[in-house]
Amino acid sequence: KNEVEQSPQNLTAQEGEFITINCSYSVGISALHWLQQHPGGGIVSLFMLSSGKKKHGRLIATINIQEKHSSLHITASHPRDSAVYICAVITGNQFYFGTGTSLTVIP
Amino acid sequence: DAGITQSPRHKVTETGTPVTLRCHQTENHRYMYWYRQDPGHGLRLIHYSYGVKDTDKGEVSDGYSVSRSKTEDFLLTLESATSSQTSVYFCAISPSNRGDYGYTFGSGTRLTVV
Numbered sequence: 005k006n007e008v009e010q011s012p013q014n015l016t017a018q019e020g021e022f023i024t025i026n027c028s029y030s031v032g033i034s035a036l037h038w039l040q041q042h043p044g045g046g047i048v049s050l051f052m053l054s055s056g057k058k059k060h061g062r063l064i065a066t067i068n069i070q071e072k073h074s075s076l077h078i079t080a081s082h083p084r085d086s087a088v089y090i091c092a093v094i095t096g097n098q099f100y101f102g103t104g105t106s107l108t109v110i111p
Numbered sequence: 163d164a165g166i167t168q169s170p171r172h173k174v175t176e177t178g179t180p181v182t183l184r185c186h187q188t189e190n191h192r193y194m195y196w197y198r199q200d201p202g203h204g205l206r207l208i209h210y211s212y213g214v215k216d217t218d219k220g221e222v223s224d225g226y227s228v229s230r231s232k233t234e235d236f237l238l239t240l241e242s243a244t245s246s247q248t249s250v251y252f253c254a255i256s257p258s259n260r261g262d263y264g265y266t267f268g269s270g271t272r273l274t275v276v
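Those sequence lines, one after another, are chains A and B.
For the first sequence, counting from 1, position 83 maps to 87 in this note's numbering; every step adds exactly one.
For the second sequence, counting from 1, position 79 maps to 241 in this note's numbering; every step adds exactly one.
Just so you know, these hints were derived from the structure itself, not from any lab.
We treat Cβ as the ideally placed atom computed from N, Cα and C, and that holds for glycine.
Between beta-carbon pairs, the in silico distance windows are:
{"no.": "1", "chain 1": "B", "residue 1": "221", "chain 2": "A", "residue 2": "45", "range": "16 to 26 Å"}
{"no.": "2", "chain 1": "A", "residue 1": "73", "chain 2": "B", "residue 2": "201", "range": "24 to 34 Å"}
{"no.": "3", "chain 1": "A", "residue 1": "97", "chain 2": "B", "residue 2": "189", "range": "12 to 22 Å"}
{"no.": "4", "chain 1": "A", "residue 1": "44", "chain 2": "B", "residue 2": "180", "range": "25 to 35 Å"}
{"no.": "5", "chain 1": "B", "residue 1": "227", "chain 2": "A", "residue 2": "96", "range": "23 to 33 Å"}
{"no.": "6", "chain 1": "A", "residue 1": "24", "chain 2": "B", "residue 2": "202", "range": "15 to 25 Å"}
{"no.": "7", "chain 1": "B", "residue 1": "235", "chain 2": "A", "residue 2": "44", "range": "19 to 29 Å"}
{"no.": "8", "chain 1": "A", "residue 1": "97", "chain 2": "B", "residue 2": "190", "range": "18 to 28 Å"}
{"no.": "9", "chain 1": "A", "residue 1": "73", "chain 2": "B", "residue 2": "192", "range": "30 to 40 Å"}
{"no.": "10", "chain 1": "B", "residue 1": "232", "chain 2": "A", "residue 2": "110", "range": "39 to 49 Å"}
From chain A, some residues computed to sit far from chain B (all C-beta separations above 10 Å):
{"no.": "11", "residue": "11"}
{"no.": "12", "residue": "30"}
{"no.": "13", "residue": "57"}
{"no.": "14", "residue": "59"}
{"no.": "15", "residue": "66"}
{"no.": "16", "residue": "82"}
{"no.": "17", "residue": "109"}
With the sequences and hints as input, model every part of the structure.
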């Protein structure tokens, strides 16, 4: 049983495509994080949100608390966006992590 | 990333030997965490600390111990390494445990137990 489910697990896109990664969770949360991990690299926090929508450059994150669902969108995707994207939710003082979505953007 | 460093970055060790991984921060954050990352699993919490000498277990704490004698250092020790502890280990820091502040990760330590 995993409290956080991500889809798809793997995604290949052509450069320039609009990309959506989904995260569903089963627990009540105080916040949700989207993280990015490049191959062989460390983990970077992209967004933290508890309601609504946030935008940073070509990245947009949305959350629907009632439906327990969040999406990460990438507009005009680029090969440098190739990475694993991880959804993490926080309930109380517990973090739960999804297994990640591996994105490959082909030039 | 600036503010948090892990050492070593890579280590190969033999089964049964003790191993210590170090996480060092310069952000003066109260909370520090050790996670392991394995294929097919999300990051899993090993131990965390909520202050100097204050630590608690995570979901996969068996076989691991931690110590925090200073705000800036959080050590993870494998008392007697086993092959099942081959993994990538990440340290993270945060000023809050509620997830409402930024959460900064180290670059990871790749540990191989042979």
